[in-house]
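K.L.:
Quick note: the sequence shown uses our numbering, first residue 356, plus one each step.
Calculated directly from the structure, the hints in this document are not laboratory data.
You may find that some hints are simply not true.
Lysine-lysine pairs mimicking DSS-like chemistry, simulated, CA-CA at most 25 angstroms apart [claimed, not checked]:
hint	residue 1	residue 2
1	Lys839	Lys763
2	Lys395	Lys469
3	Lys488	Lys395
4	Lys393	Lys500
5	Lys500	Lys395
6	Lys436	Lys488
7	Lys469	Lys488
8	Lys488	Lys519
9	Lys469	Lys439
10	Lys395	Lys436
11	Lys519	Lys500
12	Lys469	Lys436
13	Lys568	Lys436
14	Lys393	Lys469
15	Lys439	Lys519
16	Lys469	Lys519
17	Lys488	Lys439
18	Lys730	Lys839
19	Lys500	Lys488
20	Lys488	Lys393
Each pair of labels, with its calculated beta carbon distance range [stated by the list, open to error]:
hint	residue 1	residue 2	range
21	Lys488	Gly652	58 to 68 angstroms
22	Leu781	Asp834	50 to 60 angstroms
23	Gly674	Leu597	31 to 41 angstroms
All C-beta atoms in this analysis are idealised placements derived from N, C-alpha and C, irrespective of residue type, glycine included.
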Amino acid sequence: MSESKSEPKSEPKSEIAPETASPLEQSESEIVASRRAKLKRFREELGFEPYGQREDGLLARSDARTRFSESAHVAFDLASKEAKAAGTAANAAADTRAVVRVAGRVVQHRDMGKLVFLFLRDATGDLQISVSKSSVAANAFELAKHADYGDILVAEGPIGRTNKGEICVWATSISLGTKSLAAPPEKWHGLTDPELRYRRRYVDMYANPETAKVFAMRARIVSRIRRFMDARGFLEVETPVLQPIAGGAAARPFTTHHNALDMPLFMRIAPELYLKRCLVGGMRKVYEINRNFRNEGIDRSHNPEFTAMEVYEAFGDYGTMMELTESLIHDLAVSMIDERRAAGLRVDADLAEGGPTLPWGELAINYAKPFVRVKFEDLFRQGAGCEMRDFAAVRAKARELGLHHEAKLDDWLVVNEVFEECAEPLIDPCRPTFVTDYPSAVSPLTRPSRTDPALCERWDIFIGGMEVGPAYTELNDPDIQLAKFTEQLKGADDEESTFRTLDEDFVESLRVGMPPAGGLGIGIDRLVMLLTDSASIRDVILFPLLKSMGASSPDAGASDESGKGA
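Let the hints inform the model, and build the full structure from the sequences given.
P.N.:
Put into structure tokens, the structure is as follows:
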């Protein structure tokens with residue numbers, strides 16, 4: 356086997372064509388039958404256990420490639436040529452190339468007779484394996500010749516390069532990790548249908564490497580969030596997922612039943628009321644990154660099961676939470692600049708160029724500090740063309756917008772709906788924007804403004820046209836809180852009244868005394884969407900909820916999932 360002295364390429368560009376056309380022409384049942392026949396042959400004739408065993412000393416593809424040494428490769432190539440010219444075997448001691456052991460799925464395969472080329476894929480990328488009949492055992496060579504797309508193989512050998520400069524492992528042994536029995540994605544055309552990709556994520560992740568990269572980035576983003584919060588002195592806590600009262604947000608819960616206690620329970624819609632109890636108990640700064648469950652609609656930014664972070668700081672307020680949020684999101688964006696560049700992904704601008712600016716679809720979102728700040732009332736006036744306290748004009752605007760149910764709503768609820776229709780679209784999607792000082796009536800857990808009780812100390816942050824999270828100066832007056840809870844329950848319809856109940860224990864905790872505090876909720880899934888340039892929330896949730904096969908997925912009725920409830 357001759358290996359040239361051309362320079363190695365930094366990343367593999369396949370010199371291997373897809374397998375011959377026969378798999379494309381076969382039916383799925385024929386492919387599965389063929390694979391089962393191979394499994395039997397591998398086991399009975401070649402002596403390979405088709406479901407593998409423990410393998411020690413495996414390297415990731417990325418680590419294996421770093422073991423390549425140009426000088427060792429050139430020295431071995433020269434020694435091989437000299438031995439061939441002399442008609443003798445190459446001296447094994449002359450081979451100083453690093454020996455690596457790797458495993459991965461077969462994603463490309465070509466049988467050249469006495470030489471088989473494979474590409475194995477792991478979570479870090481693809482690596483070529485070159486298998487010469489003269490270098491491996493007979494059964495190993497047969498395995499390499501007849502491996503299928505999707506089979507998991509283990510290969511060991513010195514790392515060098517091919518005549519075309521491709522870094523590869525020159526195999527001295529090949530074994531079977533797992534025989535794949537299922538037909539390959541779209542019979543080798545790839546897994547491209549979005550619904551099928553979500554449903555068969557386990558195939559999507561190896562058939563489309565970008566998918567696995569997104570979830571690796573998500574994991575690192577969540578780790579950075581934890582490090583940021585820990586560095587700020589916050590304590591991460593855990594609160595119940597199963598709760599006797601569906602509290603902390605205005606959302607429809609999932610219900611269940613505890614058999615031993617014979618009591619109904621609700622899946623958590625928000626951790627807010629429990630985290631506030633932590634403040635009552637003396638914890639000064641707490642946060643929780645958790646899964647919440649809301650029995651409502653599904654669309655590109657809503658999933659019934661979602662991840663959020665809630666944060667509470669005693670003796671803080673919504674201004675404290677604003678600084679915390681701005682610094683956190685800015686720092687995350689800065690970290691993504693380096694990560695995206697290292698991965699060869701698009702970056703619009705870094706800090707030195709006025710950034711950090713990251714792409715999200717067609718948008719280029721600039722996360723430079725300070726973020727934009729605008730008052731709810733000012734934005735309402737700009738969008739609706741009237742004053743939000745002129746309720747007659749607001750209702751007229753609602754009717755003009757086709758909000759025919761406005762007659763059944765409280766004045767301030769109509770204000771909020773008109774705001775969502777007319778004012779939110781004015782927010783620049785390319786700049787993170789804090790909308791501050793919402794009406795008190797739409798935020799029952801929020802402390803009213805000390806200068807204007809009709810407003811409250813609340814903001815929502817919008818990025819890319821999405822609400823990413825709200826923050827409040829928390830209400831800690833037990834009498835006002837009880838009155839607001841009672842008022843909220845009176846406004847509930849028959850369906851809501853079945854799961855909305857006054858949380859008397861929470862009110863009692865406020866009577867014990869909760870310090871003044873700032874509180875924050877951030878939708879982690881939405882934040883990951885923005886930072887990884889992912890169009891849908893289902894692109895950043897490993898296994899999103901899907902309807903049964905053949906049923907359509909509605910895109911309606913979703914509540915806010917950015918974190919804290921209103």
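K.L.:
State for each hint whether it applies.
P.N.:
Verification of the supplied hints:
no., hint, verdict
1, Lys839 to Lys763, "holds (19 angstroms)"
2, Lys395 to Lys469, "holds (24 angstroms)"
3, Lys488 to Lys395, "holds (22 angstroms)"
4, Lys393 to Lys500, "holds (11 angstroms)"
5, Lys500 to Lys395, "holds (16 angstroms)"
6, Lys436 to Lys488, "holds (19 angstroms)"
7, Lys469 to Lys488, "holds (5 angstroms)"
8, Lys488 to Lys519, "holds (20 angstroms)"
9, Lys469 to Lys439, "holds (18 angstroms)"
10, Lys395 to Lys436, "violated (41 angstroms)"
11, Lys519 to Lys500, "holds (21 angstroms)"
12, Lys469 to Lys436, "holds (19 angstroms)"
13, Lys568 to Lys436, "violated (42 angstroms)"
14, Lys393 to Lys469, "holds (20 angstroms)"
15, Lys439 to Lys519, "holds (21 angstroms)"
16, Lys469 to Lys519, "holds (18 angstroms)"
17, Lys488 to Lys439, "holds (17 angstroms)"
18, Lys730 to Lys839, "holds (24 angstroms)"
19, Lys500 to Lys488, "holds (10 angstroms)"
20, Lys488 to Lys393, "holds (20 angstroms)"
21, Lys488 to Gly652: 58 to 68 angstroms, "holds (59 angstroms)"
22, Leu781 to Asp834: 50 to 60 angstroms, "violated (38 angstroms)"
23, Gly674 to Leu597: 31 to 41 angstroms, "holds (35 angstroms)"
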